[in-house]
Amino acid sequence: MKILSRIVASRLRGALERGKSVLLLGPRQTGKTTLLATLQPDLLLNFLRPEVRQRYERAPQLLGAELEALAGRSRRRRPLVALDEVQRVPELVNVVQDLVDRRLAKFVLTGSSARKLRRGAGVNLLPGRLVPLRLDPLSLAERVPRRLEEALVYGSLPGIALAADDPAREEDLRAYTTLYLEEEVRAEALVRNLGRFSRFLQLAALEAGGISHFRGIARELGVPHTTVAGYYEILEDCLIAERIEPLSESRTRKKLTKSPRYLLFDLGVRRVAAEEGPRPSARVLGSLFEQFVGLELLRATRHVARNQRIRFWRDPDGPELDWIVEAEDRWLPVEVKWSQAPTARDARHLQTFLSEYPKAREGIVVCRTPRRFKIARNVTAVPWQEIPDLVAGMV
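Residue numbering for the sequence shown follows the working numbering, beginning at 958 and increasing consecutively.
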């Protein structure tokens, strides 16, 4: 299989060259282990392997003794140590903290569960000691899919996006969902009732991209709405869901939505979790496209590594906007249309937003047009392939 260059790799190497250690978080199967191998570390420990995990569960301090011996053989430089899926042995994080302070080695820690790291280590992921980085599924800046529909149906996990056989992709996606429930939820005892959580995951996948309705899901499951809120926290901590907050500040509107939206990190995983087939209707494609654009905007903001965030805007009695990219002194409102040739009517909510928020100077309609064109004086239709350029242009 072709190995793609990942944008985060240059930032990771840059941090190591500055003498820093790195915490690389990302969902399972996004390519963390492959990326670690390209660094050629002096010591690589993969804690998904039972014999490795059990060795350090029994004696976490053994790592320090091993590194003292390794450092003795590498007197001219600090050795590079890679700990893959370190949340499996969270007690090691405290050991790493001491070793970083003593400058015995440089570390790259990877993990797919921030919750387990926080719970087991009793620290806030080594603040100030590790450079935090994120590895997502493949972004448009790393690979443009052959067809848009392919990305909407099968997602962008590297092993699945690069596969040529659709039945194999489908099988791998179903295995991924099962693996998540078994290894990230059941094995870590995150919930007491796995069957109920599995049903929640289906409902959350069906609702992905829309305004969250905790109470509706709670009624469906027969649990308090606080339980549903806790389930969503598990999805966030295991990097399965992205929480998008609304823009709720306004000088003129009093009823702006204050409830968040959630996106599942990969559209292929979302579809399988929702128990949907690989041939969505035209109506569903529009919703998937909106989620696709939101995910790509999130990934693009992480690539540029600036103080940017993604929000949305909705007045229950009036206009709404799919996405807003926020920088300190500039906002970029984005509307998403499945059309190949959106019209001025499609830009009316953008123009309303532009008139009410001075930080927004232009609006964008992301669509399936082959090239950019003006819809209005301050609104441009942009091909979906150019999403990374929109965010990079705000830097």
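Hints should not be assumed to be uniformly reliable.
As the list claims (entries may be wrong) - No farther apart than 27 Å at their CA atoms in a straight line, the calculated lysine-lysine pairs in the DSS-like style are these:
no. : residue 1 : residue 2
1   : Lys1215   : Lys1316
2   : Lys1331   : Lys1212
3   : Lys1331   : Lys1211
4   : Lys1316   : Lys1331
FYI, nobody ran anything at the bench for these hints, they're computed from the structure.
Checked hints:
Pair hint Lys1215 plus Lys1316 holds up; C-alpha atoms about 20 Å apart against a cutoff of 27 Å. Restraint check for Lys1331 and Lys1212: not satisfied, since their Cα atoms lie roughly 31 Å apart, outside the 27 Å limit. The suggested pairing of Lys1331 with Lys1211 is violated, with an alpha-carbon distance near 32 Å, which exceeds 27 Å. With a C-alpha separation of about 20 Å, the suggested pairing of Lys1316 with Lys1331 holds against the 27 Å cut-off.
Of the numbered hints listed earlier, those contradicted by the structure are 2 and 3.
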